[in-house]
Amino acid sequence: ETAVFQTPNYHVTQVGNEVSFNCKQTLGHDTMYWYKQDSKKLLKIMFSYNNKQLIVNETVPRRFSPQSSDKAHLNLRIKSVEPEDSAVYLCASSDNSGNTLYFGEGSRLIVV
Amino acid sequence: GDKVKQSPSALSLQEGTNSALRCNFSIAATTVQWFLQNPRGSLINLFYLVPGTKENGRLKSTFNSKESYSTLHIRDAQLEDSGTYFCAAEAGNMGYKLTFGTGTSLLVDP
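As you go down the protein sequences, you meet chains V and A in turn. When we follow our numbering, the leftmost residue of the first sequence carries the number 48, and every step to the right adds one. When we follow our numbering, the leftmost residue of the second sequence carries the number 613, and every step to the right adds one.
FYI, nobody ran anything at the bench for these hints, they're computed from the structure. Treat the hints with care, since some could be wrong.
Heads up, simulated DSSO-like pairs for lysine-lysine below, C-alpha to C-alpha not over 27 Å straight-line [as the list claims (entries may be wrong)]:
id : chain 1 : residue 1 : chain 2 : residue 2
1  : V       : Lys118    : A       : Lys709
2  : A       : Lys672    : V       : Lys126
3  : A       : Lys617    : V       : Lys83
4  : V       : Lys88     : A       : Lys617
5  : A       : Lys709    : V       : Lys71
6  : V       : Lys87     : A       : Lys617
7  : A       : Lys672    : V       : Lys91
8  : A       : Lys615    : V       : Lys71
9  : V       : Lys83     : A       : Lys615
10 : V       : Lys118    : A       : Lys615
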């Protein structure tokens, strides 16, 4: 049963536009993450948040920024999208560092 | 090179048969997780492992930290087992970051 909710599931936009993906988890977890999955299905972490503190940032471009209002929400904002940003963005949560990850269903971004 | 290498990259099985997927690590993995990405795109957690073995129904997974590998055995494969399997390793010095493998695409045929 899904407990990590992402919206929108799919978004098409033009180069230079701003995009936001929302993520909410109902598991009461302390840590949330954003992963990027490229066309080859490779998964790479972008951000993780624990108690509103950014604890991992994998040298992603500065146009990407995580936004969190509370520990149940972690949104991903892309200020000015570029073609290479086309990918599936997956949100996840865990109850502690390194414990079991629970993923959402992903948000597919297509930049034209 | 890849820090977490999965093999095979793709696999086709007849329903009812058995198989094994493997991950080799070039990092000092302390824990391993296995996921199945279903057709909807969601990654479902199958196992969270410290060194040792776990079993859940038709699935069994082993993590050998000394020899830096993990395996996922599928017994009596069913159609719903089809999807992409990922392993992910956490290294002790990498904090909250999991390193994912490249995935094994499994197709179970009737």
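Hints, verified against the model:
no.: 1; hint: Lys118/V <-> Lys709/A; in the structure: 18 Å, holds
no.: 2; hint: Lys672/A <-> Lys126/V; in the structure: 44 Å, violated
no.: 3; hint: Lys617/A <-> Lys83/V; in the structure: 18 Å, holds
no.: 4; hint: Lys88/V <-> Lys617/A; in the structure: 14 Å, holds
no.: 5; hint: Lys709/A <-> Lys71/V; in the structure: 20 Å, holds
no.: 6; hint: Lys87/V <-> Lys617/A; in the structure: 14 Å, holds
no.: 7; hint: Lys672/A <-> Lys91/V; in the structure: 26 Å, holds
no.: 8; hint: Lys615/A <-> Lys71/V; in the structure: 30 Å, violated
no.: 9; hint: Lys83/V <-> Lys615/A; in the structure: 17 Å, holds
no.: 10; hint: Lys118/V <-> Lys615/A; in the structure: 31 Å, violated
Of the hints listed earlier, those the structure fails to meet are numbers 2, 8, 10, in rising order.
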